[in-house]
Amino acid sequence: MNYINLTKIATTALKRNKFRAILTMLGIIIGVGSVIAMLSIGESSKQSIREEMSDMGTNMIFVMPGQQRRGGVMMGNSNTKTLTLNDIEALRKEAKNITEVSPQVSTSGQAVNGNNNWPTTIYGVDVSYLDIRKYELEDGRVFTDKEIKSLAKVCIVGQTVIENVFNENVDPIGQTIRFGGIPLKVIGVLKEKGENGMGMDQDDMILAPYTSVQRRMLAITHIQSIYASAVSEEQSDAAIGEIETILRQQHKLKEGDEDDFQVRSQAEMVEMVSTVTDMLTLLLGAVAGISLLVGGIGIMNIMFVSVTERTKEIGLRMSVGGRGFDIMMQFLFEAVMLSILGGIIGILFGTALSYLASFALNMPFVVDTQAVGLSFLVCSVIGIFFGWYPARKAANLDPIDAVRHE
Amino acid sequence: MSKAIIKVSDLRKDYHVGEMTVHALRGVDMEIHEGDFAAIMGASGSGKSTMLNILGCLDKPSYGEYQLDGVNMGTMNKNQLAGLRNNKLGFIFQSYNLLPRTTALENVELPLFYNSKVRTKERKERAKHALEQVGLADRMDHMPNQLSGGQQQRVAIARSLVNDPVVILADEATGNLDTRTSYEIMELFQRLNDNGKTIVFVTHEPDIARFMKRNIVFRDGRIQKESLVTDRFNATQLIEALPVEEDYES
Numbered sequence: 001m002n003y004i005n006l007t008k009i010a011t012t013a014l015k016r017n018k019f020r021a022i023l024t025m026l027g028i029i030i031g032v033g034s035v036i037a038m039l040s041i042g043e044s045s046k047q048s049i050r051e052e053m054s055d056m057g058t059n060m061i062f063v064m065p066g067q068q069r070r071g072g073v074m075m076g077n078s079n080t081k082t083l084t085l086n087d088i089e090a091l092r093k094e095a096k097n098i099t100e101v102s103p104q105v106s107t108s109g110q111a112v113n114g115n116n117n118w119p120t121t122i123y124g125v126d127v128s129y130l131d132i133r134k135y136e137l138e139d140g141r142v143f144t145d146k147e148i149k150s151l152a153k154v155c156i157v158g159q160t161v162i163e164n165v166f167n168e169n170v171d172p173i174g175q176t177i178r179f180g181g182i183p184l185k186v187i188g189v190l191k192e193k194g195e196n197g198m199g200m201d202q203d204d205m206i207l208a209p210y211t212s213v214q215r216r217m218l219a220i221t222h223i224q225s226i227y228a229s230a231v232s233e234e235q236s237d238a239a240i241g242e243i244e245t246i247l248r249q250q251h252k253l254k255e256g257d258e259d260d261f262q263v264r265s266q267a268e269m270v271e272m273v274s275t276v277t278d279m280l281t282l283l284l285g286a287v288a289g290i291s292l293l294v295g296g297i298g299i300m301n302i303m304f305v306s307v308t309e310r311t312k313e314i315g316l317r318m319s320v321g322g323r324g325f326d327i328m329m330q331f332l333f334e335a336v337m338l339s340i341l342g343g344i345i346g347i348l349f350g351t352a353l354s355y356l357a358s359f360a361l362n363m364p365f366v367v368d369t370q371a372v373g374l375s376f377l378v379c380s381v382i383g384i385f386f387g388w389y390p391a392r393k394a395a396n397l398d399p400i401d402a403v404r405h406e
Numbered sequence: 001m002s003k004a005i006i007k008v009s010d011l012r013k014d015y016h017v018g019e020m021t022v023h024a025l026r027g028v029d030m031e032i033h034e035g036d037f038a039a040i041m042g043a044s045g046s047g048k049s050t051m052l053n054i055l056g057c058l059d060k061p062s063y064g065e066y067q068l069d070g071v072n073m074g075t076m077n078k079n080q081l082a083g084l085r086n087n088k089l090g091f092i093f094q095s096y097n098l099l100p101r102t103t104a105l106e107n108v109e110l111p112l113f114y115n116s117k118v119r120t121k122e123r124k125e126r127a128k129h130a131l132e133q134v135g136l137a138d139r140m141d142h143m144p145n146q147l148s149g150g151q152q153q154r155v156a157i158a159r160s161l162v163n164d165p166v167v168i169l170a171d172e173a174t175g176n177l178d179t180r181t182s183y184e185i186m187e188l189f190q191r192l193n194d195n196g197k198t199i200v201f202v203t204h205e206p207d208i209a210r211f212m213k214r215n216i217v218f219r220d221g222r223i224q225k226e227s228l229v230t231d232r233f234n235a236t237q238l239i240e241a242l243p244v245e246e247d248y249e250s
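For the record, the sequence lines run as chains X and R.
Taking UniProt numbering, the leading residue of the first sequence gets 1, the next gets one more, and so forth.
Taking UniProt numbering, the leading residue of the second sequence gets 1, the next gets one more, and so forth.
Keep in mind that the hints were calculated from the coordinates and are not lab data.
All values derive from a computational prediction rather than experimental measurement.
Heads up, some of the hints might be wrong.
As the list claims (entries may be wrong) - PhoX-like cross-link-like pairs, simulated, lysine-lysine; straight-line CA separation at most 20 Å:
| # | chain 1 | residue 1 | chain 2 | residue 2 |
| --- | --- | --- | --- | --- |
| 1 | X | Lys93 | X | Lys149 |
| 2 | X | Lys185 | X | Lys153 |
| 3 | R | Lys225 | X | Lys8 |
| 4 | X | Lys393 | R | Lys78 |
| 5 | X | Lys8 | R | Lys124 |
| 6 | X | Lys93 | X | Lys252 |
| 7 | X | Lys8 | R | Lys121 |
| 8 | R | Lys117 | X | Lys8 |
| 9 | R | Lys78 | X | Lys312 |
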């Protein structure tokens with residue numbers, strides 16, 4: 001008995017019961033299909049989040065003021081004033097793993113121009129901020145050093161603010177926006193950036209020299225946070241370490257003292273989000289995997305029915321010289337063919353599903369090739385595993401009883 | 001004297017049912033020679049089915065010796081017995097036992113599937129030849145449910161011939177057929193026997209047994225009577241003598 005013959009016998013047997021074969025395969029089709037779809041959708045959502053986050057700069061690092069202990073009392077984050085412009089200077093001078101650094105101070109308020117007004121946030125920043133956060137100018141220019149030093153009343157405006165504050169066909173450059181009672185001359189316009197990974201509008205903002213916002217609007221001497229970019233995404237961790245060391249020196253913290261600031265990197269955020277989506281993917285994949293298992297049990301069930309139903313055929317095959325092994329292989333082949341065929345259809349089905357999903361959710365279309373390979377392997381294993389027992393049962397039939405079975 | 005195809009001496013078979021032991025065969029000596037056409041007869045429970053199972057290498061005797069074409073089957077394991085069935089034996093059953101939804105040709109090919117020496121092309125040719133021998137050259141692509149009972153049994157006979165066995169074992173091969181069709185099947189058997197095939201035919205119908213050369217009657221697990229058939233039926237003549245059945249004409 002060779003394998004070509006076996007394949008032929010198995011296909012003939014399946015063809016004889018087409019409808020039943022399809023029904024049996026349905027379990028595997030749905031199982032594999034959902035595994036593929038889940039993993040692919042998971043992978044593509046991960047990619048789309050990654051893409052959006054890297055729009056914000058994957059090598060970005062930000063420093064927030066942290067807890068501060070004042071005579072045993074923990075202070076809230078918002079009240080702490082631990083970060084200063086001296087820290088910025090120190091980082092600029094000493095840190096080797098970061099390329100750029102910018103302070104940030106911000107406040108919310110109404111932006112007013114003529115009869116229009118719009119609630120937004122003004123960020124007081126350095127010019128390097130645009131590079132760090134991957135903002136680009138559409139029109140105009142950035143602040144000059146002189147403007148920063150002189151607390152100049154100038155600003156760069158995001159698209160959302162422009163849409164809401166200026167009438168159509170008005171060139172915003174050269175116009176004046178009043179923010180918190182202070183008139184700011186618009187010197188630049190930011191390119192549209194859209195929503196970020198968390199759904200926040202990145203165009204709803206005004207940028208101004210940090211000195212202007214810090215002194216003129218907030219009247220504070222500290223800064224609220226620091227933005228920096230690491231040399232590369234890979235060097236993020238080294239950069240974080242460096243920043244921590246420098247800031248601890250700056251703040252004169254002794255060994256054993258807690259940091260009075262927090263350093264976070266975009267890479268960390270991406271990782272965090274990836275971990276969450278990975279978990280979700282795994283969970284969905286596991287649920288889909290269970291349906292694959294159920295599909296396998298379906299195959300086993302139908303193979304048992306098939307063995308019982310074809311007892312006479314088995315007896316006949318044995319009478320004309322089929323060995324137990326031949327009979328076993330025949331039924332095993334049938335089970336494996338059912339599961340593999342189901343697997344192939346399932347893979348196509350799952351791919352189509354994830355294509356539709358990526359289309360509907362506006363995400364990149366990714367086929368998880370690993371999942372495809374794995375599903376194929378799992379199907380073969382399921383076929384052999386669940387086909388084994390029925391096939392053995394067939395092989396162990398007594399030919400005399402089997403051939404006279406009615 | 002011609003060669004002995006089947007040689008059985010002091011064959012016994014016991015079945016254990018609970019604590020009881022049933023002696024199905026109680027010492028059988030028998031020889032079937034090349035070219036023989038023997039009927040094994042007997043009432044139910046006489047041991048003829050057990051005998052056929054052992055002759056067909058489907059079952060092993062509890063005691064005694066059985067040589068098939070010079071091979072002692074007592075020393076063989078299950079797989080070797082399967083090989084023996086595949087190479088040396090042809091089976092015909094009362095209920096034809098054709099695979100449903102499978103063409104006549106594929107049904108006949110079946111035994112050759114289990115012979116790894118036979119290639120696809122040869123398998124097809126041999127199956128075609130066997131079907132021609134039983135007069136079904138024009139029915140090769142028919143499914144069993146498109147064939148009459150007699151035709152189905154012919155397919156089964158072709159299947160038993162396809163591996164060129166040393167002996168054909170038929171179990172009540174005419175049991176499901178009407179008189180005319182039975183005679184037609186017997187005519188086929190007689191022709192095969194005339195061409196040199198050795199046939200052992202189990203039946204309980206005395207008039208079917210009269211088509212054969214020799215009758216062996218079993219009773220209570222032993223051979224009760226062994227006789228040569230003197231006034232043997234000729235199937236061709238009998239069919240001609242049958243009245244024409246009008247409701248059976250095509």
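Taking the hints in turn, this is what the structure says about them:
no. : hint                 : verdict
1   : X:Lys93 to X:Lys149  : 19 Å, holds
2   : X:Lys185 to X:Lys153 : 6 Å, holds
3   : R:Lys225 to X:Lys8   : 48 Å, violated
4   : X:Lys393 to R:Lys78  : 16 Å, holds
5   : X:Lys8 to R:Lys124   : 14 Å, holds
6   : X:Lys93 to X:Lys252  : 17 Å, holds
7   : X:Lys8 to R:Lys121   : 15 Å, holds
8   : R:Lys117 to X:Lys8   : 17 Å, holds
9   : R:Lys78 to X:Lys312  : 19 Å, holds
This entry does not satisfy hint 3, going by the numbered hints stated previously; all others are met.
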